[in-house]
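There are 2 protein chains.
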Amino acid sequence: MALVPEVAKKLIGAGWEICLQAGAGTEAAFPDAAFADAGATVAPDAASAVSGAGLVVKVNPPSAQESAALPQGAAVLSFFGVAQSEDALRALAGRGATVFSFDLLPRISRAQSMDALSSQATVSGYRAGLAAADHLAKFFPMFMTAAGTVPPAKVLVMGVGVAGLQSIATARRLGAVVKAYDVRAAAKEEAESLGATFLDTGVSAEGIGGYARELTPEELDRQRAALAEEVGRSDVVITTAAVPGRKAPVLLTAAMVEGMAPGAVVVDMAADQGGNCELTKVGEVVEHEGVHVVGMANPPSGMPTHASFLFARNVANVLALMGPAGTLAPDWDDEIVAGMCVLRDGKPMAPAAVEVLGGGAARIGGGEP
Amino acid sequence: MALVPEVAKKLIGAGWEICLQAGAGTEAAFPDAAFADAGATVAPDAASAVSGAGLVVKVNPPSAQESAALPQGAAVLSFFGVAQSEDALRALAGRGATVFSFDLLPRISRAQSMDALSSQATVSGYRAGLAAADHLAKFFPMFMTAAGTVPPAKVLVMGVGVAGLQSIATARRLGAVVKAYDVRAAAKEEAESLGATFLDTGVSAEGIGGYARELTPEELDRQRAALAEEVGRSDVVITTAAVPGRKAPVLLTAAMVEGMAPGAVVVDMAADQGGNCELTKVGEVVEHEGVHVVGMANPPSGMPTHASFLFARNVANVLALMGPAGTLAPDWDDEIVAGMCVLRDGKPMAPAAVEVLGGGAARIGGGEP
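If you read the protein sequences in the order shown, they are chains F and V.
Numbering of the first sequence is given in our numbering, commencing with residue -8 and proceeding in unit increments.
Numbering of the second sequence is given in our numbering, commencing with residue -8 and proceeding in unit increments.
In isolation and in its complexed conformation, chain F is listed as follows (with noise of 0.2 angstroms):
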């Protein structure tokens, strides 16, 4: 839900008018009243609600039929992946559409605040940690009993991004013992400042703007290797590898899976992008050779009301770049606001849009490209 009820009662306050589309919070337990006393109207379904509307804040991008039901000329603030969208994309240019994108918000410090993707995968990397612990058979900390001890889970985080951190964090909180690794050597103080151990397998791929670079065949090859042998050894194992916009890496074949003890469990929180192992399946557990490979589909609903919270503050310090509350007068000149743009008044901003929708429309305004 990209709005929760003490976020919508701020920018009301501070001059938005709120439409909500009846039920649309239910899931993250937040009814129609809560948003109703916070002074949003409660619109009975979907049309009714944009209709009208200046701006459409999702969490996922509006589908093509929802697009092409768009008041001509309204904004988008949404996740928006390009690729994934390009139907949607068409029709929302068709409509005049301008449409911001969390996905392109430039990773500087003053956007952090509006971070989705970063909040999301704090989500997502806690679920993940949590995931494993109720999925392995064993304890995930050490237990000295009466009847003998225990010892505790070893487990493997493999990419250490903001989600990688967090499962980190809750596997550390649970007592296992946790050994990361990420293609990109500047994680290794980050995991370590969280109690992990950080492999070394002699590849590098440190990328551009935070993200690891795909790695070469050869620099793949060489990784497996040397991590086959650690996943071995590991109870569980938390894959999070993802690039944006594109397929997942495969870090996990199915021959380390099954080098892997019984019992053991693997987390692929990737999988929504084709999965980091190759057993993966999107929301499912898959069970191959008695160990159980969970796919984790859209890791952040499962934890809906807090998913939402970061969310709507992400949404609700975007809006305020977006000139006097209530209005829609971005500053172009902003680099945010700029980067974040896809569409604008229909134009392609983005390259991915350019790509798709041609023109040679540019980049508008000032700040780094």
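Read the hints as simulated data drawn from the structure, not as lab findings.
The structure displayed is predicted, hence computed values, not measured ones.
For every residue, glycine included, the Cβ atom is placed at its ideal position computed from N, Cα and C.
There could be a bad hint or two in this list.
Lysine-lysine pairs mimicking DSS-like chemistry, simulated, CA-CA at most 30 angstroms apart [to be verified]: (1) V:Lys145 x V:Lys272; (2) F:Lys49 x F:Lys272; (3) F:Lys145 x F:Lys272; (4) F:Lys0 x F:Lys49; (5) V:Lys338 x V:Lys49; (6) F:Lys238 x F:Lys179; (7) V:Lys1 x F:Lys145; (8) F:Lys145 x V:Lys145; (9) V:Lys145 x F:Lys0; (10) V:Lys338 x V:Lys238; (11) V:Lys0 x F:Lys145; (12) V:Lys145 x V:Lys179; (13) V:Lys1 x V:Lys49; (14) F:Lys49 x F:Lys1; (15) F:Lys1 x V:Lys145.
Non-contacting residues of chain F with respect to chain V, defined by C-beta distances greater than 10 angstroms in every case (computed) [unchecked claim]: (16) Lys170; (17) Arg224; (18) Glu275.
Dock chain V against chain F, hints included.
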């Protein structure tokens, strides 16, 4: 699973012969081959596994049908609640069986290493803490992110026995703020030692042998009124109040659950005994006015590897009282042996067994009654 390969190997080394029903350990991630490697025989089915056995070790009581198929004069070691297994008891008496039940283990310090109720409650309490975190639509830990701060979850644990203490420890590990409640005032210190705050409702029901006695209706009313307010403030309520061999007391009425916020969670560990919450359905997650009520069925079975490991250690420690390894010559003067005995050579020994089977048999041997 009542035995694990590691413990089986030790028992075989000491002189026991062990025959395993094929596949019995598969769910707990102990393949038949691991038992075979430990020196055990693997029989294709239950009938051939028990054929010729002097002692049958199980987690749950044998069914009436299984009991009738045991060798004449065999012994059984398992959980064995007489009230739930009257038909099996009659069948076992008919076979002249000797039955030892973990439910009847004297609560003395020498018996701690044999205390399967405690070892399984440890697993259950940990599982309940995890289940609560998994079902709550919020974080357990406090999070301070760029998008805003989320407060820690408020968890109330009702019933501070072994299971309740593990639930407290698990919720605390995950960063929740935990309150604990028990009718036994003695539980206060233990709960506080794990970082929980203890609730005082002004009602105490300190019972015999460390268990709670049943409260009077008046006491229950006072307790409920004082608790209702705290329940309404909680994100999570975990209930663990079970009285061995009886229906679990109702601690949470539907009205109390209705006083909780949408998105709150109840985890009922006493679901198998009828539940501490009026709304509980065993093995199901019931949604009631936005609150999820998780009726945990056989909680240790969700973590079979370590649950089995601890149980097997309990079994091995009891077997040490059964005379020289490989023989069945219990020391009937040992209060643990005598205390655990339900049937001896088909004759009822425990009061509950006497009640079912009749006859004037008295408890044999020394030790405290």
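Pairwise hint evaluation, Lys49 (chain F) against Lys0 (chain F), where the allowed Cα distance is 30 angstroms at most:
holds (17 angstroms)
Between Lys145 (chain F) and Lys272 (chain F), does the CA-CA distance stay at or below 30 angstroms?
holds (24 angstroms)
Quickly compare the C-alpha distance for Lys145 (chain V) and Lys0 (chain F) to 30 angstroms and report which way the hint goes.
Cα-Cα ~24 angstroms, so holds.
Given the hint that Lys238 (chain F) pairs with Lys179 (chain F), does the C-alpha gap stay at or below 30 angstroms?
holds (25 angstroms)
Test the statement that Arg224 (chain F) is away from the interface with chain V: the closest C-beta pair must be farther apart than 10 angstroms.
holds (16 angstroms)
Are Lys338 (chain V) and Lys49 (chain V) close enough, with their CA atoms no more than 30 angstroms apart?
It holds: about 21 angstroms lies between the C-alpha atoms, which stays within 30 angstroms.
Would you check the hint for Lys49 (chain F) and Lys272 (chain F), treating anything up to 30 angstroms between C-alpha atoms as holding?
holds (27 angstroms)
Regarding the pair Lys0 (chain V) and Lys145 (chain F), is the alpha-carbon distance no greater than 30 angstroms?
holds (24 angstroms)
If I take the minimum Cβ distance from Glu275 (chain F) to any residue of chain V, is it greater than 10 angstroms?
For Glu275 (chain F), whose nearest Cβ neighbour in chain V is about 17 angstroms away, the distance exceeds 10 angstroms, so it holds.
Pairwise hint evaluation, Lys145 (chain F) against Lys1 (chain V), where the allowed Cα distance is 30 angstroms at most:
Measuring from Cα to Cα gives roughly 25 angstroms; hence the hint holds.
Mind checking the alpha carbons of Lys145 (chain V) and Lys272 (chain V) for me, to see if they're no more than 30 angstroms apart?
Holds - the C-alpha atoms of Lys272 (chain V) and Lys145 (chain V) are around 24 angstroms apart, at most 30 angstroms.
For the pair we were handed, Lys1 (chain V) and Lys49 (chain V), check the Cα-Cα distance against 30 angstroms.
holds (18 angstroms)
The structure fails none of the hints (numbered hints given earlier).
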